[in-house]
Amino acid sequence: MKYKLLIIFICLYLVVTGCQNQTAINGIDAKLRRVVSAQTIEVIINNKSYQLRLSGLDTPSRKQQPWGDDGKKFLVDFLTANNTIPLKSAMIILETDVKVKDKFNRISGYGWFNNELINEKILAEGFGVVNLTYTDGKYDQKLLQAQSYARIMEKGIWNPKQPLRNIAKSN
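Each residue of the sequence shown is one higher than the last, beginning at 1 in the working numbering.
Calculated cross-link-like contacts (lysine-lysine; reagent style DSS-like; alpha-carbon spacing at most 27 Å):
(1) K31 x K73
(2) K99 x K31
(3) K142 x K121
(4) K155 x K63
(5) K121 x K138
(6) K73 x K103
(7) K161 x K72
Just the calculated beta-carbon pair ranges, DEER-fashion:
(8) I44 x I152: 34 to 40 Å
(9) D102 x P160: 29 to 35 Å
(10) D140 x K101: 20 to 26 Å
(11) D136 x N159: 27 to 33 Å
Please keep in mind that the hints were generated in silico from the structure rather than gathered at the bench. These numbers come from a predicted model, not from an experiment. Just so it is clear, CB atoms sit at the ideal spot from N, CA and C, and this is done for glycine as well.
Construct all of the structure, not just a fragment, from the sequences and the given hints.
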């Protein structure tokens with residue numbers, strides 16, 4: 001029964017994502033400087049450094065082992081195309097307002113790398129949970145679908161053999 005549900009979900013996921021319009025990404029070109037955590041990256045925009053908190057998700061803190069470190073490692077691997085490009089050479093497109101900062105002096109928004117939404121990729125691989133509190137709604141459905149996919153596929157924190165017991169909010 002679980003196998004049938006999985007096949008149905010995958011088919012629905014492919015139909016829904018395949019029918020979405022592929023639009024040009026309008027955003028700000030940024031150069032990656034470093035990965036701070038699975039939900040925060042440091043970027044350079046016009047020779048100025050910013051920390052970007054990826055919108056729409058919460059990830060385990062570094063204290064929540066192994067998931068905090070595994071999430072960060074996944075993001076480094078993803079943004080370096082599995083170490084085929086240097087971390088500081090990665091170019092990202094950001095959808096953000098650099099004038100608005102949170103209490104930690106970070107900007108927040110969405111990041112694109114190689115035409116993939118970074119926020120969605122983290123959720124689809126099971127390294128975070130959806131938190132739509134501060135999103136603009138633009139990608140909410142994509143984020144929810146990615147989390148559902150990870151849960152059904154038992155990826156990352158959704159793996160029943162090594163589940164994340166509780167996610168501490170790490171702003």
